[in-house]
Amino acid sequence: MQDKIRQKARELLSSGAVKVVIGYGEGTGSRVRALFIQRPEDADRLIMDERCVQNLAVYLTKHEVRAIGKPAIVAKMPVIRSINHLAYEEQFNEGDIAVIGISDSDELVDLPDLTSVREYAAKNPLLLTAEERAELDKLETMTREERWNYWLEELSNCIKCYACRASCPMCYCPRCTVEVNQPQWISVPAHEIGNVEWHIMRAMHLAGRCVNCGECTRACPVKIPLRLLNQRIIADIAVNFGQSEDYALAAFNPNDKEDFIR
Amino acid sequence: MIDKKLLQKGSLDELVKKLKSGGTRVFAPVEKGGKVLFDEVDSAAAMARDYVQTTLSAKDVILPRCEEMMRFTTGQGTVTMEKAPDLPPPAVVLGVRPCDARSIAVVNAVYLKDYNDALYKSKIDNTTIVGISCAKCDEYCFCTSVNGSPGDTEGSDILLTEVDGGNYLAEIVTEKGKALAAMAPELFTAAGSEDKAKHLADVKVQFDLKAVEKKLPGVFDGEVWITQSLRCIGCGTCSYVCPACTCFDIQDETDGNRGVRLRCWDSCGFGQFTLHTSGHNPREVQSQRWRQRIMHKFSYQPDQLQVTGCVGCGRCSRACPVDMNILQHIKDIEAQ
Numbered sequence: 001m002q003d004k005i006r007q008k009a010r011e012l013l014s015s016g017a018v019k020v021v022i023g024y025g026e027g028t029g030s031r032v033r034a035l036f037i038q039r040p041e042d043a044d045r046l047i048m049d050e051r052c053v054q055n056l057a058v059y060l061t062k063h064e065v066r067a068i069g070k071p072a073i074v075a076k077m078p079v080i081r082s083i084n085h086l087a088y089e090e091q092f093n094e095g096d097i098a099v100i101g102i103s104d105s106d107e108l109v110d111l112p113d114l115t116s117v118r119e120y121a122a123k124n125p126l127l128l129t130a131e132e133r134a135e136l137d138k139l140e141t142m143t144r145e146e147r148w149n150y151w152l153e154e155l156s157n158c159i160k161c162y163a164c165r166a167s168c169p170m171c172y173c174p175r176c177t178v179e180v181n182q183p184q185w186i187s188v189p190a191h192e193i194g195n196v197e198w199h200i201m202r203a204m205h206l207a208g209r210c211v212n213c214g215e216c217t218r219a220c221p222v223k224i225p226l227r228l229l230n231q232r233i234i235a236d237i238a239v240n241f242g243q244s245e246d247y248a249l250a251a252f253n254p255n256d257k258e259d260f261i262r
Numbered sequence: 001m002i003d004k005k006l007l008q009k010g011s012l013d014e015l016v017k018k019l020k021s022g023g024t025r026v027f028a029p030v031e032k033g034g035k036v037l038f039d040e041v042d043s044a045a046a047m048a049r050d051y052v053q054t055t056l057s058a059k060d061v062i063l064p065r066c067e068e069m070m071r072f073t074t075g076q077g078t079v080t081m082e083k084a085p086d087l088p089p090p091a092v093v094l095g096v097r098p099c100d101a102r103s104i105a106v107v108n109a110v111y112l113k114d115y116n117d118a119l120y121k122s123k124i125d126n127t128t129i130v131g132i133s134c135a136k137c138d139e140y141c142f143c144t145s146v147n148g149s150p151g152d153t154e155g156s157d158i159l160l161t162e163v164d165g166g167n168y169l170a171e172i173v174t175e176k177g178k179a180l181a182a183m184a185p186e187l188f189t190a191a192g193s194e195d196k197a198k199h200l201a202d203v204k205v206q207f208d209l210k211a212v213e214k215k216l217p218g219v220f221d222g223e224v225w226i227t228q229s230l231r232c233i234g235c236g237t238c239s240y241v242c243p244a245c246t247c248f249d250i251q252d253e254t255d256g257n258r259g260v261r262l263r264c265w266d267s268c269g270f271g272q273f274t275l276h277t278s279g280h281n282p283r284e285v286q287s288q289r290w291r292q293r294i295m296h297k298f299s300y301q302p303d304q305l306q307v308t309g310c311v312g313c314g315r316c317s318r319a320c321p322v323d324m325n326i327l328q329h330i331k332d333i334e335a336q
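Protein chains in written order, with this note's numbering: chain A, 1 to 262; chain B, 1 to 336.
It should be emphasised that the hints constitute simulated quantities derived from the structure, not laboratory data.
Check the hints yourself; a few may be wrong.
No farther apart than 30 Å at their CA atoms in a straight line, the calculated lysine-lysine pairs in the DSS-like style are these [as the list claims (entries may be wrong)]:
#1 Lys19(A) with Lys176(B)
#2 Lys136(B) with Lys223(A)
#3 Lys5(B) with Lys176(B)
#4 Lys123(B) with Lys223(A)
Bound conformation, chain A alone (with noise of 0.2 Å):
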């Protein structure tokens, strides 16, 4: 796999098809990082094994990234997803980007554009794991009182670094609700309401968006179980919703038949 990369990553680089190649390469001690490659001689660089898991999705939005040029990105299925849903929401056009897709199984995917992104994503739709299922059945098995006080108590160790909006693709907003201040609709200072709306008014805007990466779960220096969230409304929409190739919470129909959305 990680040969076909590295061909795929020289020719597209070789061509002129693309400025720079996001991928996974070696970082310090037992890591790996994120690397931007420009030259076709570095793509021997580029690595993909089972610690390559963050979601490279961020970085397709990040204003630094973009000024290189054209990209093209290493994407396992949440990299996949994350960029069907960035196009869902015109972050990018056709011809903005070229995909190095792989599939769960392991293989070289073709998508040569984001219809065929959306046609993938569409067939592998988002599942919760049977694993993921468990924690959230725990979570349930709890009186509300309970889950409150855990909820409590996870987050009173947030100390609003941000990282959970930072590393997230889909929290690519130039400027976040918590950081419109007339008026000031979420409490900024980390403490106790401060924490909780924050973590609450992100779950709600990745209703319908979130595509289950976990990467908000690993940048968290406190190690908040962020993901159980977002989780449990990947969870209600599925029951609610269905999978639904309109993003459930996302959509917005000016047909709606709801007064309230219009």
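Got chain A sorted already, so can you dock chain B onto it with the hints?
Quick look at chain B alone, frame taken from chain A:
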């Protein structure tokens, strides 16, 4: 002259209980859910063992993530300020690593040098630091490259080093340390000939601090910042886990005509950090923000405050979601 005593293995717990019974708040590293955080403890038994470094530093005790500055009430053309909140009871922070203890000099330089910040001063004056030497280190530690060491006494009021038999060599460094030891003199017995060095981690020197300081002004306009920061996602994790980062933001929270003013941690990693009301941002790209972080710690602070703004605790590198490794970056700059 540092007074050396011996604190028996079981005496640490007695010390904690004695402090608690006198109304002192005792903070110590506690392990929970895979992280080690400073929390109030009732006994030394609650203290985490066998970790290299706490997830967050003890900075929260002297410079809380958010703290009340004042309360106010607005009326018809008037603002009435209310009394500042009462000072919390004295605190003892137990189990502070020597690198973190050194960071207090950086915070002091910022908050007490030109302007005497009363809010901070009340907390630091009220806090006693009982450090604990490092028997272990990891690949992220580099205290010895920034003039520290795993058994450094600077910044600690008392420094404990675990010696043979689980007992502690207690080095009583400051007047505050003496006062603390005097609260339980029976627990601090005469020290023998403990070999402290034998019980310390071996942290290799990785770069020449003076050379880096000298080099930095010359690379201000270099490409290195862009290369290093392309993968930086612009969160505030590095600043918030850092014991020596001191920047803050002020937030007013109001409810009707009453309000409270809070001082909150802020980070130069955020795009908003330098955003002006006009919309202009002097640090509009991440490379400029990353450069600021390094320049501030390794060039501006040594130059203006005579302290290095980094103590080599390695937390920012450990916590960074995208492997922005400060040690590697500094070494790369040195090699330029």
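Evaluation of the provided hints:
{"no.": "1", "hint": "Lys19(A) with Lys176(B)", "result": "violated, 60 Å"}
{"no.": "2", "hint": "Lys136(B) with Lys223(A)", "result": "holds, 23 Å"}
{"no.": "3", "hint": "Lys5(B) with Lys176(B)", "result": "holds, 15 Å"}
{"no.": "4", "hint": "Lys123(B) with Lys223(A)", "result": "holds, 28 Å"}
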